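There are 2 protein chains.
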Amino acid sequence: MKVDISDEEMQKVITFFTAKSLQKKDILYREGSYVDSMAFVCSGCLRAYSVDENGFEHIVQFAPEGWWITDMLALLQQQKSTLQVEAIADSEVLLLKRSEQEKMFEAVPKMERYFRILTENALCATRQRVIDSMSLSAKERYLNFCSTYPDSLLNAIPQKYVAAYIGVTPEFLSKMRSQLYRE
Amino acid sequence: MKVDISDEEMQKVITFFTAKSLQKKDILYREGSYVDSMAFVCSGCLRAYSVDENGFEHIVQFAPEGWWITDMLALLQQQKSTLQVEAIADSEVLLLKRSEQEKMFEAVPKMERYFRILTENALCATRQRVIDSMSLSAKERYLNFCSTYPDSLLNAIPQKYVAAYIGVTPEFLSKMRSQLYRE
DNA sequence: CGTCTCGTTGAGAGTTTTCAATGTAAGTGG
DNA sequence: CCACTTACATTGAAAACTCTCAACGAGACG
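Those protein sequence lines, which keep their order, are chains A and B.
This note's numbering applies: residue 1 is where the first sequence begins, and numbers increase by one.
This note's numbering applies: residue 184 is where the second sequence begins, and numbers increase by one.
Please keep in mind that the hints were generated in silico from the structure rather than gathered at the bench.
Bear in mind the structure is a predicted one, so any value in this text is a computation, not a measurement.
There is no bait here: all hints are sound.
Facing chain A, according to a computed beta carbon distance under 10 Å, are these residues of chain B, among others: (1) N237; (2) F239; (3) M255; (4) T309; (5) S318.
Where is the CB? At the ideal position from N, CA and C, for every residue including glycine.
Required output: the full structure, derived from the provided sequences and hints.
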């Protein structure tokens with residue numbers, strides 16, 4: 001991320017954040033509520049997921065340490081969220097309210113660039129995921145997931161979350177793994 | 184898009200663009216080449232797609248009139264593109280080079296906000312597509328596509344492009360359609 | 001020790017693809 | 001304008017992939 005921020009600017013920047021502690025399973029943004037902030041993960045790990053009409057969860061994003069997470073759609077359009085954001089481990093986050101972000105952009109205009117680049121990168125990653133979901137088989141998506149995310153994440157989360165991320169049932173993921181094992 | 188630009192500012196802004204005409208089937212960005220601009224579609228329609236190892240095309244994005252299109256990943260990371268961008272109808276586009284964009288941001292800082300918001304919206308749409316690809320059946324994805332995009336687009340493009348967008352084979356789309364018809 | 005959640009396994013069913021054949025529409029050169 | 005070619009769409013049968021449901025096993029936790 002190529003935005004140089006001086007110490008002085010950083011001092012200003014941090015005043016716009018609010019710290020919050022989360023325990024495992026705590027819900028940061030609840031589905032159906034309004035979202036007026038985004039969260040920077042200082043430690044721990046969160047996930048954003050939607051629940052479909054059949055009650056199945058689909059994970060849109062994991063946010064380990066150093067990542068941002070929110071329901072962008074709900075935040076932008078100021079409508080009720082369709083995603084739920086939950087801590088999958090005890091976590092420390094910094095919340096940035098949309099209104100504070102606006103003030104921050106006025107105080108430190110460089111931050112506008114930071115967030116533009118951040119969003120561009122997120123867009124690239126999400127586009128790639130769309131392509132992968134269409135061009136790769138379930139097994140390839142799983143291997144892809146394993147090689148993309150650090151072992152530390154893989155070991156920290158239940159397997160069913162991996163299934164909900166790559167878009168298969170937990171049962172089928174289990175079968176794929178046992179088949180890969182036999183090879 | 185809530186960025187107010189004065190006439191005077193707009194005059195400055197347009198100086199950073201280059202107009203280009205494309206004929207149907209013309210390729211704007213070729214897979215494997217470097218990308219140093221993004222394109223605003225004034226008229227016509229383009230598509231961005233990737234070709235997988237089996238030779239199948241997967242469409243990431245359609246860009247009708249008023250939309251932006253590029254291979255964001257190649258542009259950002261200055262690496263060879265994995266997407267190809269092609270006109271699916273005769274089109275007029277305005278190209279904005281990355282270097283010109285930087286100059287534009289200096290000349291009219293407000294535009295930084297415009298592009299941040301633009302990217303945020305694109306991110307939302309793409310995230311939604313990831314969710315849809317996981318939680319909807321092929322038939323639902325098709326109906327969703329039909330209700331999201333205007334008939335003008337649907338009528339203008341071959342059916343196989345719709346298939347390559349929703350992530351099914353052309354044969355299967357054809358079968359779904361005939362089944363929907365019978366109902 | 002129960003209880004709960006998660007992971008595994010198997011059989012059967014549903015969805016989607018593959019392959020091959022055929023039909024249809026649209027562009028091209030004469 | 002016609003004949004030719006090419007790209008696109010449709011259909012059917014068989015195969016591949018993935019899900020569903022139900023049963024069972026293992027570990028975590030109170």
